[in-house]
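Trainee: Fit the two chains together into the complex; they arrive one by one in their own frames, and the hints show the way.
The listed protein sequences derive, respectively, from chains A and X. The numbers in the first sequence follow my numbering, run straight up by one, and end at 339. The numbers in the second sequence follow my numbering, run straight up by one, and end at 908.
Note that these hints are calculated values from the structure, not bench results. One or more hints might be untrue.
What the hints assert, rightly or not - Lysine to any residue pairs mimicking SDA-like chemistry, simulated, CA-CA at most 25 Å apart:
{"no.": "1", "chain 1": "A", "residue 1": "LYS219", "chain 2": "X", "residue 2": "TYR808"}
{"no.": "2", "chain 1": "A", "residue 1": "LYS274", "chain 2": "X", "residue 2": "ALA421"}
{"no.": "3", "chain 1": "A", "residue 1": "LYS197", "chain 2": "X", "residue 2": "GLU809"}
{"no.": "4", "chain 1": "A", "residue 1": "LYS269", "chain 2": "X", "residue 2": "GLY490"}
{"no.": "5", "chain 1": "A", "residue 1": "LYS202", "chain 2": "A", "residue 2": "GLN157"}
{"no.": "6", "chain 1": "X", "residue 1": "LYS845", "chain 2": "A", "residue 2": "ARG77"}
{"no.": "7", "chain 1": "A", "residue 1": "LYS255", "chain 2": "X", "residue 2": "ALA589"}
{"no.": "8", "chain 1": "A", "residue 1": "LYS307", "chain 2": "X", "residue 2": "ALA589"}
{"no.": "9", "chain 1": "A", "residue 1": "LYS219", "chain 2": "X", "residue 2": "ASP807"}
{"no.": "10", "chain 1": "A", "residue 1": "LYS202", "chain 2": "X", "residue 2": "GLY661"}
{"no.": "11", "chain 1": "A", "residue 1": "LYS190", "chain 2": "X", "residue 2": "GLN662"}
{"no.": "12", "chain 1": "A", "residue 1": "LYS219", "chain 2": "X", "residue 2": "PRO810"}
{"no.": "13", "chain 1": "A", "residue 1": "LYS202", "chain 2": "X", "residue 2": "PRO414"}
{"no.": "14", "chain 1": "A", "residue 1": "LYS310", "chain 2": "X", "residue 2": "ALA421"}
{"no.": "15", "chain 1": "A", "residue 1": "LYS269", "chain 2": "X", "residue 2": "ALA406"}
To be verified - Pulled a few chain A residues facing chain X out of the computed Cβ check, cut under 8 Å:
{"no.": "16", "residue": "PHE60"}
{"no.": "17", "residue": "HIS89"}
{"no.": "18", "residue": "LEU108"}
{"no.": "19", "residue": "VAL111"}
By construction, the Cβ of each residue, glycine as well, lies at the ideal position given by its N, Cα and C atoms.
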Amino acid sequence: MLEMLTTSLFSFLSTILGTLPALFGQLPPGSSFWFPPAASNVAEGIDWVFYFILYLCLFFFVLITGLMLAFMWLYRRREGVPALGGPSHNNALEIAWSVIPSFLLVYLFYVGFVGYLDLRTVPEEAYEIQVNAKKWAWAFTYPGDISTNELHLPVNQDVRLVMNSTDVIHSLYVPAFRTKMDVVPGRYTKMWMNATKKGEYKLFCTEYCGEKHSAMLAKVVVEDWGEFEKWLAKEGDLVGNYGYEKAGEMLYQRKGCNQCHSIDGSAMKGPTFKGAFGKEREIEGQSEKVVMDENYIRESILNPQAKIHKGYPAVMPTFQGQIKDEEINAIIAYLKTLK
Amino acid sequence: MAVEVQPTPGASPAPDSPLFQSPENYLTHPSTSIGSWLFTLDHKRIGIMYLVSILLSFLIGGLLALAVRLELMWPGQTIMSAETYNHVFTLHGAIMTFLFIIPSVPASIGNFVLPIMLGAKDLAFPRMNLGSYYLWVLGAVFFVGSMLMNGLDTGWTFYTPYSTTTSSSVISALLGVFVLGFSSIFTGLNFIVTIHTMRPAGMTWFRMPLLLWALYATAIIQILATPVIGITGLLLIAERLLQIGIFDPALGGDPVMFQHFFWFYSHPAVYIMILPAMGIISELVSIHSHKPIFGYRFIAFSSVALALLGFLVWGHHMFTSGQSPVSAIVFSALTFSVSIPSAIKVFNWLATLWRGSISFTTPMCYALSFIFLFTVGGLTGLFLGTLATDVHLHDTYFVVAHFHYVMMGGTAVAFVGGIFHWWPKMTGRMYNEWLGRLSALIVLIGFNLTFFPQFLLGTHGMPRRYFDYEPEYAFLHFLSSVGAFTLGFGLLLAAIALILSLFNGKRAPANPWGAVSLEWQCASPPPYYNFKRAPVASFPYDFTRVEYDPPSQSYIVRAEEKGAATADH
Chain A
1 MLEMLTTSLF SFLSTILGTL PALFGQLPPG SSFWFPPAAS NVAEGIDWVF
51 YFILYLCLFF FVLITGLMLA FMWLYRRREG VPALGGPSHN NALEIAWSVI
101 PSFLLVYLFY VGFVGYLDLR TVPEEAYEIQ VNAKKWAWAF TYPGDISTNE
151 LHLPVNQDVR LVMNSTDVIH SLYVPAFRTK MDVVPGRYTK MWMNATKKGE
201 YKLFCTEYCG EKHSAMLAKV VVEDWGEFEK WLAKEGDLVG NYGYEKAGEM
251 LYQRKGCNQC HSIDGSAMKG PTFKGAFGKE REIEGQSEKV VMDENYIRES
301 ILNPQAKIHK GYPAVMPTFQ GQIKDEEINA IIAYLKTLK
Chain X
340 MAVEVQPTPG ASPAPDSPLF QSPENYLTHP STSIGSWLFT LDHKRIGIMY
390 LVSILLSFLI GGLLALAVRL ELMWPGQTIM SAETYNHVFT LHGAIMTFLF
440 IIPSVPASIG NFVLPIMLGA KDLAFPRMNL GSYYLWVLGA VFFVGSMLMN
490 GLDTGWTFYT PYSTTTSSSV ISALLGVFVL GFSSIFTGLN FIVTIHTMRP
540 AGMTWFRMPL LLWALYATAI IQILATPVIG ITGLLLIAER LLQIGIFDPA
590 LGGDPVMFQH FFWFYSHPAV YIMILPAMGI ISELVSIHSH KPIFGYRFIA
640 FSSVALALLG FLVWGHHMFT SGQSPVSAIV FSALTFSVSI PSAIKVFNWL
690 ATLWRGSISF TTPMCYALSF IFLFTVGGLT GLFLGTLATD VHLHDTYFVV
740 AHFHYVMMGG TAVAFVGGIF HWWPKMTGRM YNEWLGRLSA LIVLIGFNLT
790 FFPQFLLGTH GMPRRYFDYE PEYAFLHFLS SVGAFTLGFG LLLAAIALIL
840 SLFNGKRAPA NPWGAVSLEW QCASPPPYYN FKRAPVASFP YDFTRVEYDP
890 PSQSYIVRAE EKGAATADH
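Looking at chain X on its own, in the form it has when it is part of the complex (with noise of 0.2 Å):
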């Protein structure tokens, strides 16, 4: 690329090397002033606030799932009251899908790394994606209203007549909802039209990064079923503030069309927090084992088909609900639809390692470890897709666990592994590789101890959201618990080994890893303005044209040659 250089202090490398600092890098150019943080509409910087808010509403999650996880350590009361249980097993609900999990891969790493990717300057409207975080902020704002308010009881997912009835405060988290639907829209939108506008020359819609394809698919749910979470709150608010029978048996309205309503949005959102994690996992499955993604269109196709088919099956959340048996009957046989896309992702990853070079770099690790959790928790809801087992499983620790594997072991693993990929860009530094592949055990065994005997709990019968229970349950409850407190250690020293990288890491080179999309071409960290020209952007799983470069310790990516350009892989 050509970009000045200035050589850095301390190494030496040639002065046209990929490891530089630029000058203009992007944490201190303009300038390092807060206010130029807080008003900044660089995509990268924006990225970063949203990481290190979504790392913090993950933090208080996290903390929230430990204090559930000791109070149900023995049976009885441990260290709250069932009152109190009941608002924190809520505030870990709804704190982890509304503040952490929905905006966590596409806000922060899809607002730094989309517009790198497309050899872009930024996104295509920065001051909305500015916005979208003030809302998220917002939001997030509101449901800390609430916490310190009246507390919230409901569980995240606000069934009625419940919600419309309890004296904790409904109206405040459900306006949270509101505004942070309105976060997501925000990105999500942004996302669409900026990879249709603003794709470099050579980067047809087939040569797109994979976890473009997977942001894109994500942001359609993101536009189409955001807002019907959005009007459900309103009518919600509208019936506990006016007495309008809309849900409330009460006052003449249905409990279970709450439910349909709330899970035609809940249940794409699933989607909306699974596709990009499935989009980072097929970035880093194939770049740290050096070959080419095995079967990229299937990838890609599958992408936009769990998108779709995640519209249709909502009911399955509803077994047992009262709805007529014969839509119970229509959801199951679309929801087993569902599935055909992600066995297609998990085979074309198996595919891509083999014959491949495997680095087990801390990012593999962690994709290596979502490989395992996110098969165990896609197995296990073959379970659930089958009226004649849901009906027993439905409401017990069994879907407990089953959505932990998918939403913790799958996206937050993905996740967690998608930072470590993606740091030496977003900072410049390198961590300890050794203290992060430990990070990656401890959680991969920590995950396994905690959730594994909550699937035994769950066919054994212990129902969901309990505060208290039966002696016969004792023990693995306790393992669990114990599970839960070894995978809060393991992503303690994932955090560790990143806040140490930022003091004495060692300097990143541009592409540490080997990869051929755009944004390993830039700077690490990146130059204000990403790129000075726009580049042209090649097939970016063809790793025949990288080579490392040992004065630099960088990868460096041969320019295609002429004709290759245009050749179809």
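Bound conformation, chain A alone (with noise of 0.2 Å):
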């Protein structure tokens, strides 16, 4: 049994160090070992703190497993022979092995602390975007009220993300700029960053917010000012850019419908979309039917809970305040395609 184990576990292991490779082919490219590409101004000094901390505890380790293992080999059980025994305790060694590791430790937190005030520490002059997040999308909204569902920025600018959450906690984090903070309901939080690298990036929601939470994601796109600015002004007038029907597709998807709006006609935590315009639907503790028609449609956006379809959660946020009358006349056109 014991030999079956161990070719078992030698095929198991050889499998695993076969495959190894293909864990750097998968990684986004500019990855190393252990990070993401860097792409902000702060992440090289927070990989430089990372690095001093990992070859400061890759020293320990070595120490202590490297003690631990010739210790288990040297003073091994020899039948009939006592331990060789040593003093029960040296008051010297053990504050020196106390105070020793303080001073590191005081550095450690010296590095940390600076490198925090960094990133904690907003530019007076920065370009500022407004996010806003709900279950389970977010809203990027630039001057000029310009809201999106894609976070894009300018590079080797600073900017400033004044977040507030709609329902639950949720938290922004972008791993190739090493920041993230907690966007959280009934307050405002601020971040702030500055891309230094042209590209794009994923944007994560990194504090658990249901059912949705790791579908809770966006694209961050770093590019000059010229395109920036041109993309934004497009964004700007997206029923003049693309018409109603394609805005309302575009709505449709970075208003977060999507997440729970099929247009194929299944089930999800929401009804679909598909045929629904102008059918009767039953509506939860009435027992009239309503025609699913534009004040519907209005009405549901900016109030919810008015009328549930029968047999589904009252879980819709509300849009109050975050989308514009054209916008609402944008979806209602894609809707009425959705045949």
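Mentor: Below you can see the structure in the form of structure tokens.
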């Protein structure tokens, strides 16, 4: 049995070692063994602190496990031979190994503290973006009241995010920027970043927020000022640029409607949109049926709890103040196309 | 020890040898009826009932963990929906924390050995001890109740306002936590009073076995911190039932305040979990290397230091929560102070191994695994206490890996090691050492394979509590899942080794390891009354007085010479 175990263990280990290179193939370009690419002005400093601690830890790890293994070998039990024995304590030694690491810890605290101040001191002259988080979508609002669900950042520009949440606590995290901050309902939290490398990055929600927590992602795009402004202008007038139906479809995805409402007839957290327009539906707590018309859609967006479709939970957050009339019109136009 | 001896059939020990089965052993005396177990006031039986119940919780929590790892083995949906996944990881965390790790060592091993180590017949308050067990059962019923009703999907941390708005059964789960809290307080109170008032002749504070120091320090935290989680739970229940605004901003409350309340208990609770484990390791390392523990006083004081400092660092769970940067900085500074007492213990254990005579018994293999895993867990805590790096690592798999190295690799491994160490005493049976050692090896390999890749997942930015993940994380998740099943297999082997011993294990001698502390000087299993006459205690790590007695296959502790009893070590 022992032999069987060792052979299976061996083949198992060799399988794993054989596929190890695949790990590095999968990671985004520019990743190191420990980190994704560093794309903000604080990232390299933070990585430096990380590596400093890493080498410190490696030193102590090798020291402790090395001594342990050596002692396990040197002082293994031999039949009839008692322990060599030694002093039962040594105050000088014990004080030394308590106090000397303390100096290292003070230094660790200091570098962590300095790095943290950089992370948390928001520059005065920063470009400001408002962030709203709700289950399970991000909304980034730029000056001029332009709202999108992608975070576009001009390269080498200090950007301040002023964040709030509509429902539960979320947390905004961009691994490539090495920074995160919780987004808390009932208060504003702030963070800032200065992206130094053009490209696309991932933004995660890192505070557990329910069923679609792991789908609450957003794309971060870092680009030149020129491209950024062009993009922003286009976003500012979706209907003008794309027409009602196309704009409605874009809004369906960006505002997170697609998290709960399917367009293929399948039931999700909320009722499907397929063929829904113009149909009657039963409403929770009232006997009369209601037709899903323009007014119903508008009311459901701005005051979702007013008329709940029978059989579905009352979980939709309101979009009051986060959506423009033209955008509601675009969504209505889009829903009409879903026959 | 002067105990009436009846030779065991089949064995031929000398009549006065310590190898005997006492006719009044606690397993059969006063009776073997179920009622005599359920209403027993004997700390040993209560300890065994706790042990069985806690191990059952460990099994359920472990199966839930395997379900989580199976789901995460491949990207996308594997065996369950996102909603089910959220319930499963919550129950894994909640069961492991509240039903398994917090009571684990004190309530089972502690309950069993603490009075015997003191040469006492029982704890100071036997009825309160039984009460504590039934409170645990009641709390567990509430937990299982919420599982069967609506499930629980808040994460074991119950963060508001998610927990005030979710439709899952938060209230019954919190009632469970509240009741379990009392169970924990009862145990702590009992231990403190017992240690203060019932130490035998010769046992000064600095002649207590180090496990008792650890249990004493733990009991302080249990009494001082547990009420806070109880009150926090009640406030949350009040908010949900009565719509009083406490934590929910929609009602005018403050969700970050909940985090302060929660961690004010839950950080000290980390020390409720790890201190008794450290106590076990101090016993195991010394006894199985047959050499006095090095730096007894430093280890004893570091337990108390951890218990006290543990109260001052809760804010390090909240560096990105929106608490003020000033408090984050203060908490970071305080956090580094707790690493010193832990480091002291590790260095002292190493110095104990030095020039020892190390027996690679199963308990020792687990103890050595503990030192390895706890070292990794402790060192990786430095990345999280340091503010600059924590902002990146907070709420990623790096944190998951770190606390599993400390809680699972630390506490759970020490707990299993402790069970193997005291198993002969508890059951009167020896297990198959090779099977035990093999289980320790597989647990060590499986553990590292499970959790080391999670450090890398974390530094690469993989957030925790995710049902699904980006393709770039797939390989490391796969590795981790393979490791989890290896780990599960290792623990299964450990269980098999122990269960088999009940049926065909050799009879255990009174003192199979050559230990000096008092619990090894009564029979295995101990008689109902532990000791007929109160024994006189000596320094529990003085192995010069230990001799092997071949006919009884047991070690014998020679009586201390006159005058030596008062000498300080």
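Trainee: Are the hints correct? Go through all of them and say.
Mentor: Quick rundown of the hints versus the structure:
1. A:LYS219 / X:TYR808: Since the Cα atoms of A:LYS219 and X:TYR808 sit roughly 15 Å apart, the hinted pair holds (cutoff 25 Å).
2. A:LYS274 / X:ALA421: Holds: A:LYS274 and X:ALA421 sit about 23 Å apart, inside 25 Å.
3. A:LYS197 / X:GLU809: OK: A:LYS197 and X:GLU809 at ~22 Å, within 25 Å.
4. A:LYS269 / X:GLY490: holds, 18 Å
5. A:LYS202 / A:GLN157: Satisfied, since the Cα-Cα distance of roughly 19 Å is no more than 25 Å.
6. X:LYS845 / A:ARG77: holds, 22 Å
7. A:LYS255 / X:ALA589: Cα-Cα ~22 Å, so holds.
8. A:LYS307 / X:ALA589: The given pair, whose Cα atoms are some 21 Å apart, holds under the 25 Å limit.
9. A:LYS219 / X:ASP807: The given pair, whose Cα atoms are some 17 Å apart, holds under the 25 Å limit.
10. A:LYS202 / X:GLY661: OK: A:LYS202 and X:GLY661 at ~22 Å, within 25 Å.
11. A:LYS190 / X:GLN662: holds, 11 Å
12. A:LYS219 / X:PRO810: holds, 15 Å
13. A:LYS202 / X:PRO414: holds, 17 Å
14. A:LYS310 / X:ALA421: holds, 23 Å
15. A:LYS269 / X:ALA406: holds, 24 Å
16. PHE60: This interface hint holds because 6 Å falls under the 8 Å limit.
17. HIS89: holds, 5 Å
18. LEU108: With Cβ-Cβ at 5 Å, under 8 Å, it holds.
19. VAL111: Given a least distance of 7 Å, the restraint on A:VAL111 holds.
The structure fails none of the hints (numbered hints given earlier).
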